[in-house]
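Student: One letter stands for each residue in the lines below.
Number of protein chains: 2
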Amino acid sequence: MAAALLQVLPPGAILSDPEDTRPYECDGLAAYRQMPLIVVLPDSEAQIVAVLKLCHELQVPIVPRGAGTGLSGGAMPIADGVVLSTARLNRILRMDAYSRTAVVQPGVRNLAISDAAAQHGLYYAPDPSSQIACTIGGNVAENSGGVHCLKYGLTVHNVLRVRMVTIEGEVVELGSEALDAAGLDLLSVFIGSEGMLGIVTEVTVKLVPKPACARVIMASFNEVVAGCNAVAALIAAGIIPAGLEMMDQTSSRMVEPFVHAGYDTEAAAILLCEADGTAEEVEEEIARMSAVLQQAGASAIAVSQSEAERMKFWSGRKNAFPAAGRISPDYYCMDGTIPRKRLGQVLEGIAQMEAKYGLRCANVFHAGDGNLHPLILFNANIPDEFERAEAFGAEILALCVEVGGTITGEHGVGIEKINSMCAQFAPAELEAFFGVKRAFDPARLLNPDKAIPTLNRCAEFGKMRVSGGKLPFAYLPRF
Amino acid sequence: MAAALLQVLPPGAILSDPEDTRPYECDGLAAYRQMPLIVVLPDSEAQIVAVLKLCHELQVPIVPRGAGTGLSGGAMPIADGVVLSTARLNRILRMDAYSRTAVVQPGVRNLAISDAAAQHGLYYAPDPSSQIACTIGGNVAENSGGVHCLKYGLTVHNVLRVRMVTIEGEVVELGSEALDAAGLDLLSVFIGSEGMLGIVTEVTVKLVPKPACARVIMASFNEVVAGCNAVAALIAAGIIPAGLEMMDQTSSRMVEPFVHAGYDTEAAAILLCEADGTAEEVEEEIARMSAVLQQAGASAIAVSQSEAERMKFWSGRKNAFPAAGRISPDYYCMDGTIPRKRLGQVLEGIAQMEAKYGLRCANVFHAGDGNLHPLILFNANIPDEFERAEAFGAEILALCVEVGGTITGEHGVGIEKINSMCAQFAPAELEAFFGVKRAFDPARLLNPDKAIPTLNRCAEFGKMRVSGGKLPFAYLPRF
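Protein chains in written order, with our numbering: chain A, 42 to 520; chain B, 42 to 520.
By construction, these hints were calculated from the structure, which means they are not laboratory data. There could be a bad hint or two in this list.
Copies of the same chain look alike in the list, so a pair counts if it fits in one copy or across any two.
BS3-like cross-link-like pairs, simulated, lysine-lysine; straight-line CA separation at most 30 Å [claimed, not checked]:
| no. | residue 1 | residue 2 |
| --- | --- | --- |
| 1 | K251 | K353 |
| 2 | K192 | K251 |
| 3 | K251 | K397 |
| 4 | K397 | K192 |
| 5 | K359 | K94 |
| 6 | K192 | K247 |
| 7 | K94 | K192 |
| 8 | K359 | K251 |
| 9 | K94 | K251 |
| 10 | K353 | K94 |
| 11 | K397 | K94 |
| 12 | K397 | K247 |
| 13 | K397 | K353 |
Keep in mind that this is a model prediction, so the values were computed, not measured.
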């Protein structure tokens with residue numbers, strides 16, 4: 042394989058020594074590891090075309106990889122496969138302030154787009170918390186969100202066009218610079234397809250004007266359910282906050298000693314609620330938000346008085362995951378999304394599960410979107426704790442599906458949640474997914490065995506659940 | 042076939058007498074007509090499942106039909122096929138003001154949703170000009186827009202979930218009530234698929250709060266290009282108007298004697314620019330818009346002073362098509378969409394084509410979206426005029442594609458623009474569309490020969506263009 046690749050790539054673009062390929066054995070979900078056969082680092086679309094044609098000819102599977110920050114194992118290698126990294130396609134090709142668009146290669150970092158657009162007063166809206174490191178190619182693969190996606194949308198709402206290469210080496214453009222494109226909306230199906238349909242070579246993103254001003258409210262609630270109802274009340278009042286995040290007491294007490302964000306650790310839950318726009322718009326919206334929050338029973342309300350204080354309020358939320366690592370040896374981050382009106386019901390359900398499994402759970406989440414990130418705290422060195430954490434997590438996801446939600450909001454399915462897909466979708470729906478997969482990649486060479494479970498797999502998983510709820514060893518996270 | 046259908050449908054749900062099937066021989070594109078074999082009018086999902094299973098077994102093609110208001114012939118029957126009308130599935134199943142959603146059957150009229158939601162102060166945002174008559178099933182099939190879609194989005198942005206039946210009779214749910222769904226985004230690919238992937242049985246739509254107030258500016262420009270630049274300047278100023286429409290002098294002079302909307306018929310172009318929201322928001326936005334328009338060279342600005350005046354300003358725009366019928370025996374309405382920044386360039390191109398083809402063209406369009414509706418005026422009774430109109434139209438669409446746009450904004454491809462798809466897409470892209478089509482309907486029974494041209498067809502069309510630009514007779518509109 043390496044010899045064949047040398048016909049189409051320069052030697053420096055091929056890694057096969059285990060010392061060189063070791064960094065690629067996992068992505069951000071480090072519990073799942075697998076050394077790849079070879080890693081390739083093409084630096085042009087022509088090289089990607091050549092690699093794909095070669096792999097197609099030799100029937101070698103390919104795992105595409107962006108920056109490797111994904112949290113669901115979507116970029117985990119295959120033992121007899123090639124990892125194709127898009128890291129070297131890292132140029133911003135065009136930046137057009139007039140049409141507010143940028144054309145970038147897949148290896149451009151999310152934040153680098155906003156940095157480059159700043160001179161025009163513009164930025165790229167979706168802001169996953171990994172935005173310093175993650176790249177737009179990976180964002181397209183996972184349909185990434187962020188704390189501002191309630192107002193500004195997910196990746197799919199901020200990308201106009203994708204240029205990609207099929208497994209057969211054909212270059213295809215999806216979408217258009219105009220509002221709508223004729224034909225089937227393959228751009229939307231491609232965004233979030235977790236590397237199963239093709240390799241991105243160019244992305245045309247929308248840019249939006251940087252708001253002149255932003256302020257954030259921190260509101261305290263004596264009951265979690267009251268906080269949840271306040272979220273619904275804000276939306277019902279016709280307000281779309283620029284960010285609407287909630288943390289329960291376990292989370293705020295976990296974070297406060299670490300970050301000193303000034304959180305009310307006596308409150309059962311705190312809500313962070315941001316307004317952005319012109320100074321007048323922000324002032325008016327902050328007043329309206331405060332009134333709704335007060336009406337909804339907030340026990341205290343603080344509004345950031347400076348940009349420094351705004352950043353301080355957000356710093357606690359943004360450091361919740363590292364803070365969890367300080368108070369618990371291990372934690373398991375879930376990513377369920379539910380209809381907003383079900384927030385109270387699901388949080389009560391999680392509280393009951395804490396008692397049932399004898400484990401604590403810190404709830405930090407994008408409340409406005411209904412996107413939960415429960416952090417189940419456990420110690421893998423205590424016998425049985427990991428198994429309980431895992432069963433706890435599966436029960437949370439099952440509850441999300443039950444109330445009309447979904448098993449992933451923004452982290453993707455990857456390898457981690459592939460069995461939960463069997464709970465979410467009926468065979469006819471999985472078959473519809475595979476139909477589209479086959480349309481692009483009938484030989485299943487692109488990121489196989491990720492994201493969509495085979496019906497066979499679901500049947501086996503169903504049997505396993507019946508026989509005791511254990512996952513096969515290969516899919517147990519290894520801490 | 043009728044006998045077989047009687048096994049699964051009551052007699053009143055089957056029409057086969059030509060007297061009964063005549064109304065179904067065309068949709069809103071009346072130039073294309075074809076009598077169907079049979080029309081069926083199921084009134085439940087179970088009946089739709091039974092009809093599809095039967096047609097699948099007997100390999101009989103099916104043309105789905107909503108209210109028949111489509112403008113691209115997407116619901117034109119097939120001689121040996123069944124037309125499946127969803128008109129009898131016309132119930133609103135659930136209306137939930139708290140989650141701001143409604144679950145409706147496909148035959149519910151677009152405006153009926155807003156009427157039912159009005160008691161909660163909500164409405165369904167997409168507003169095609171046929172909204173009194175058109176149904177949500179057809180809106181899903183065509184991904185319909187409207188004058189407010191710049192701010193509120195197309196159908197795809199306002200639908201959360203679709204329940205549909207595949208050609209094999211399997212019921213599949215696409216999307217979710219949560220912000221995002223796991224798996225491939227088949228909801229987006231289904232919306233706008235022109236009846237080629239399945240039959241809709243339920244649609245969950247988003248509802249939005251009715252704005253407390255709305256006002257519209259009418260701005261006059263002495264040059265069309267100045268008006269186009271004003272559109273860009275508004276967007277560049279960070280303003281997203283609730284509606285942003287432009288009419289050239291041909292259009293305003295065509296409409297004014299008919300509607301008496303108070304249009305400035307001396308202006309080369311007029312812009313209608315709406316603000317909605319609270320009274321304070323509207324006041325502020327109208328002031329900002331007026332400043333930008335003045336800066337962009339508007340020669341006069343009028344702001345609606347009452348709801349009656351606002352409706353009067355819009356009445357001219359909304360009656361542009363009927364007005365065209367008063368001044369010209371025939372007109373041909375195009376539907377190209379281009380990047381906003383190309384508006385001036387394309388309008389200049391159209392002006393040159395008017396001279397080249399010796400025909401007038403009235404330009405009425407959703408300027409904010411870049412969605413053009415040039416109305417080519419001609420008289421089919423004058424020898425050669427129709428052929429010139431047709432060549433004119435094809436050249437407009439070719440120009441739209443050339444500047445990075447698309448051949449349809451909201452009317453769909455149907456039968457009308459199937460050859461233009463060959464100009465828009467490369468063979469690899471068409472093959473990707475067909476791949477998805479095959480995944481759902483390998484035998485091509487659902488609305489065959491619409492929306493996506495076969496490579497064969499494109500090859501023939503290419504040859505025809507080389508040999509003189511004539512379309513085959515079967516696809517000539519018959520006036």
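Student: Compare the structure with each hint and give your call.
Tutor: Verification of the hints:
Taking the closest pair of Cα atoms, K251 and K353 come within 30 Å of each other only inside a single copy of the chain (20 Å); across copies the shortest separation is 36 Å, beyond that limit. Taking the closest pair of Cα atoms, K192 and K251 come within 30 Å of each other both inside a single copy (13 Å) and across two copies (18 Å). Taking the shortest alpha-carbon separations for K251 and K397, neither the intra-copy value of 46 Å nor the inter-copy value of 45 Å comes in at or below 30 Å. Taking the shortest Cα distances, K397 and K192 never come within 30 Å of each other, neither inside one copy (37 Å) nor across copies (47 Å).
Taking CA atoms no more than 30 Å apart as the test, K359 paired with K94 passes in neither setting, with 42 Å inside one copy and 52 Å between copies. For a Cα distance limit of 30 Å, the shortest separation of K192 from K247 qualifies both inside one copy, at 15 Å, and across copies, at 15 Å. Within a single copy, K94 and K192 get their C-alpha atoms no closer than 41 Å, and across copies no closer than 43 Å, so neither meets the 30 Å cut-off. In the homo-oligomer, the alpha carbons of K359 and K251 lie at most 30 Å apart inside one protomer (20 Å), although the nearest pairing across protomers, at 35 Å, exceeds that limit.
Taking the shortest alpha-carbon separations for K94 and K251, neither the intra-copy value of 42 Å nor the inter-copy value of 54 Å comes in at or below 30 Å. Taking the shortest alpha-carbon separations for K353 and K94, neither the intra-copy value of 50 Å nor the inter-copy value of 61 Å comes in at or below 30 Å. In this assembly of identical chains, K397 and K94 lie within 30 Å of each other by CA distance neither inside one copy nor across copies; the values are 53 Å within and 47 Å between. When the C-alpha separation of K397 and K247 is checked against a cutoff of 30 Å, the pair qualifies neither within a copy, at 46 Å, nor between copies, at 37 Å.
Taking the shortest alpha-carbon separations for K397 and K353, neither the intra-copy value of 36 Å nor the inter-copy value of 65 Å comes in at or below 30 Å.
The structure fails to meet hints 3, 4, 5, 7, 9, 10, 11, 12 and 13 from the earlier list, while all remaining hints are met.
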